[in-house]
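Starting from the structure of chain A, add chains B, C and D where the hints point.
Protein chains in written order, with the working numbering: chain A, 1 to 154; chain B, 1001 to 1154; chain C, 2001 to 2082; chain D, 3001 to 3082.
Just so you know, the hints here were simulated from the structure itself, not pulled from any lab data.
There's no promise every hint is true.
Here are the computed lysine-lysine pairs in the DSS-like style, where the Cα-Cα straight-line distance is at most 25 Å [said to hold, decoys possible]: (1) A:K129 to A:K20; (2) B:K1020 to A:K20; (3) B:K1020 to B:K1129; (4) A:K14 to A:K129; (5) B:K1014 to B:K1129; (6) A:K20 to B:K1014; (7) A:K14 to B:K1020.
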Amino acid sequence: MQHPPHLQIELLSKRFEPLKRLEQWQQQHSNAEPGTAAAEALFIGRVRAQASDGAALTALELEHYPGMTERQLNALATACSQRHGVERCLILHRIGRVLPGEAIVLVAIAADRRGPAQRCCQELLEALKHEAPFWKREWRADGNGQWITGNTPW
Amino acid sequence: MQHPPHLQIELLSKRFEPLKRLEQWQQQHSNAEPGTAAAEALFIGRVRAQASDGAALTALELEHYPGMTERQLNALATACSQRHGVERCLILHRIGRVLPGEAIVLVAIAADRRGPAQRCCQELLEALKHEAPFWKREWRADGNGQWITGNTPW
Amino acid sequence: MTGPDSATIRVRLFAGLREAAGWGEQEWSIEQARSPEAVWQQLRLGGDLLTVRIAINHTFAAADQPLQAGDELAFLPPISGG
Amino acid sequence: MTGPDSATIRVRLFAGLREAAGWGEQEWSIEQARSPEAVWQQLRLGGDLLTVRIAINHTFAAADQPLQAGDELAFLPPISGG
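So that you can see chain A by itself, here it is in the shape it has in the complex (with noise of 0.2 Å):
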């Protein structure tokens, strides 16, 4: 077996760069050890500009449970990175107030393979999106307020 695999998890309560963070993830990964991971799947999530009844979005308020939120994402990330062997996993979700376009989740996963690497980003997505305590409040331009019980569909 490997060393355990490298987490990094973060909840953000302002807009984030997808793009330039994954930047950082992978420089801290190539000067750290060099050329392991040759596999990297990432996802990037971001806000709708409709509500889910199709009415224009100003935002989405994100609460969530602070301590166990991180404690879940903790116990998601590092159950199904251990499953698929993969080498290194973070994990960005804000929380707050998140306006149409901005990114809500990134998740990216390196590994040796493509189907390890793949199968562990999809995976984790659907665990946070389903057992870690995040809720979500569309806000419309009406100044309604409406909590959304469930999630899209996949």
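This is chains B, C and D only, laid out in the frame that chain A set:
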């Protein structure tokens, strides 16, 4: 039905920076149709430091079939993008001499939903590995260069 | 051995549940909080507990798991992250 | 109607096949190149045609597809891209 997917496919004989190219691709996107695609699934493949038999690798040489390779990539990307109903598809693939650690392939898919984006990215990567005419030769430190017959396990 | 002040649990509500109840955090006497489902019944929020997930001390838990003084009990409406 | 010079096809080999044959591109008379498998037999490269993919005019084709003057026939060893 939405309009046909936007495809960008390039064979590159020089080193490229995946995140720089992704930035340009995202920019075009947000200029053209701001806020449409909420999901991006990305894959970056790099050259390993070891040959398939574990020996140190000096470089990978990539031969292709000018004309047919481009045509096949285009056909594969069109079919896959339409099958999954995704919005944008970027494929960058190196040709010629590629050094360990350098990016050899980038596949990026933008779609309205995470499922189609991820499935399309994954299927297109498999398709181009098996259905687009590329051949890899591993150059070792001892000056020995051997053609690879077949692909790495998924 | 323990004074009456320490024989409590903390109850937390989130998102729609928090707004329905009008509060997000309360101390409850352990006497009235033997299990998550006992607390839920007293909350009278009207929804079905089956649609709500329960966490005790930041870990998912069953509705009948016994509570102990000092525990943090949370009711989590359907999750929608990512 | 067509002169003898135009009644040819172009044969192309890649990677290991190109090196085994010692050439990558040749013109063949259509008389000797009625089908990909007929060409393959004359190449005497020793490998099994089942492990090789065939393309006619940049499109994958079957080993018995008839060839026509002006066609470009290619033999493709196992692909290893990406």
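Taking the hints in turn, this is what the structure says about them:
Under the criterion of a C-alpha separation no larger than 25 Å, the hint pairing K129 of chain A with K20 of chain A is consistent with the structure, at around 23 Å. In summary, the hint linking K1020 of chain B to K20 of chain A is supported, as the alpha carbons are separated by about 10 Å, within the 25 Å threshold. With a C-alpha separation of about 23 Å, the suggested pairing of K1020 of chain B with K1129 of chain B holds against the 25 Å cut-off. For a cut-off of 25 Å, the pair hint linking K14 of chain A to K129 of chain A stands: about 20 Å separates their Cα positions.
Taken as a hint, the K1014 of chain B and K1129 of chain B pair is honoured in the structure, with Cα atoms around 20 Å apart against an allowance of 25 Å. Note on K20 of chain A and K1014 of chain B: the hinted pairing holds, with a Cα-Cα distance of about 23 Å set against a maximum of 25 Å. Proximity of K14 of chain A to K1020 of chain B is assessed by CA-CA distance (about 23 Å); at most 25 Å being required, the pair is judged to hold.
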